[in-house]
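With chain A's structure known, arrange chain B on it following the hints.
Residue numbers (my numbering), protein chains in the order written: chain A, 1 to 281; chain B, 282 to 562.
Relax, there's no trap hidden among the hints.
Here are the computed lysine-lysine pairs in the DSSO-like style, where the Cα-Cα straight-line distance is at most 30 Å: (1) B:K345 / B:K325; (2) A:K64 / A:K44; (3) A:K64 / A:K187; (4) B:K345 / A:K64; (5) A:K64 / B:K325; (6) B:K345 / B:K468; (7) A:K44 / B:K345.
Residues of chain A clear of chain B, computed beta-carbon distances all greater than 12 Å: (8) T5; (9) Y98; (10) L111; (11) G123; (12) N181; (13) G191; (14) E210.
What the hints contain is simulated information worked out from the structure, not anything from laboratory work.
It should be emphasised that the depicted structure is a prediction, and the values quoted were computed from it without experimental measurement.
From the three backbone atoms N, C-alpha and C, an ideal C-beta is built for every residue, glycine too.
Number of protein chains: 2
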Amino acid sequence: MTIETVSTNRAFGGVQGVYRHHSTATGTNMTFSVYVPPHDEGAKLPVVWYLSGLTCTHANVTEKGEYRRACAEHGLIFVAPDTSPRGDGVPDDPEGAYDFGLGAGFYVNALAEPWAEHYRMRGYIESELPQLLADNFPADMSAQGIMGHSMGGHGALTISLRNPGRYKATSAFAPIVSPINCPWGQKALGGYLGVDRSLWAEYDACALIESGARLPDLLVDQGAADNFLDEQLKTHLLEEVCTRAAQKATIRMQPGYDHSYYFISTFMAEHLRWQAERLRG
Amino acid sequence: MTIETVSTNRAFGGVQGVYRHHSTATGTNMTFSVYVPPHDEGAKLPVVWYLSGLTCTHANVTEKGEYRRACAEHGLIFVAPDTSPRGDGVPDDPEGAYDFGLGAGFYVNALAEPWAEHYRMRGYIESELPQLLADNFPADMSAQGIMGHSMGGHGALTISLRNPGRYKATSAFAPIVSPINCPWGQKALGGYLGVDRSLWAEYDACALIESGARLPDLLVDQGAADNFLDEQLKTHLLEEVCTRAAQKATIRMQPGYDHSYYFISTFMAEHLRWQAERLRG
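Looking at chain A on its own, in the form it has when it is part of the complex (with noise of 0.2 Å):
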């Protein structure tokens, strides 16, 4: 597989790269970043994976993430990938909605159609992105981390839940936690998996949770004045769930902030030391 350099910028010392492929997974040309901070001639580096939540591409975090500085102090690779397949005969929601379609493809592997043949981010994320990665950066796969905002939280979570041991640090901002309970969820996993509830299961991180999935530890901060906390994030239910399956975790409320990348930046210097600490220790 072949990679494509969009762009290359100098940041705080190490190199904020935007690349290109041709995905086998979605059948799509695909865009991605990577920030590779300064290191050693040689070295191999611990990777996070962020995913990204509605309407974004692999731009949103890397123009507003706030993540060079903390990454290259504690040496990680940051790779930020699209959040779903684009191009000539990607099909969209017939309506254009901002939740289903180009921009929302919750990291699943659709099964109904039309989606079926290039939603498949799931695929492309837990398998054919890490090969890329390995065989073109300076990356230690034995050190990943994942973390994503809203639907990217999801996709962190349920990630990380179904592929136990192979990040050793998972974390989210604002993640819809259970995407079987929220209309954004219902949308996405009816209209990608079909009406089946069965099939649902194992792209939920409270049911994952609930039937065994574990996690050595999982960190999340959601804002307290987040417009979607209500209807859709619903942070209480992982909570709960966490509670009941003596699942560890530390889940935060944080006041006053929203949804934003304003709440994001905020978090991200922490979150990036509390990932370098288990990618690391």
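Then chain B, alone, in the frame of chain A:
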């Protein structure tokens, strides 16, 4: 004068706001952003002005500048104005070029038609907006610093040089140091001021220093891989005049860095620490 709140977001314990008002200087509505860090009730805080470069609005640095952590740490208010008047009746470059007209006010009070009516960014930044800030925010106007990028670096240097004692700290990222001597500046000053070059000198940092204006100190960072360095920015002209005039200055070439916000954000925290030392010292 009243201001309208466009948005506020909690960030790094403070508030990132965007505001709009009718400007008497430009005769248009103007939008600007202000970050107010966490502070004690009733406290007045030092202010750092950030002037943006060609094509920018307040939004570029607000989203990509990575200044909030340092402003929260040092207790600095950070103000980001727009770079030109905008709206109905505001003339633009006849060919829509990026380097003149909308997004390219060059911090001058225009004298030539049709620019003179609205293109009054000097008066806006030097007089009107400071009064608005003093009236509406917890700003200690006896402790102001100024910085900027590219065209805004030119703005920061020239405004500070023309107003001795007002700004206790002056710094710049990749400034246009001598618009009289580069294509961007010649087009802008010729267009806004007319062909009489004797009127240009007050908008040229090197000419101002040459003719006796002084700052207590000056910090400039310039990317050595900046595509605009040789033709437009010409940092060496500032180095030379500072040496000739015994103007205290730290002017640093940063290897590998370009003209982007990846460069600015890398050095932002250091500039703000340098500013804070002078504003709180």
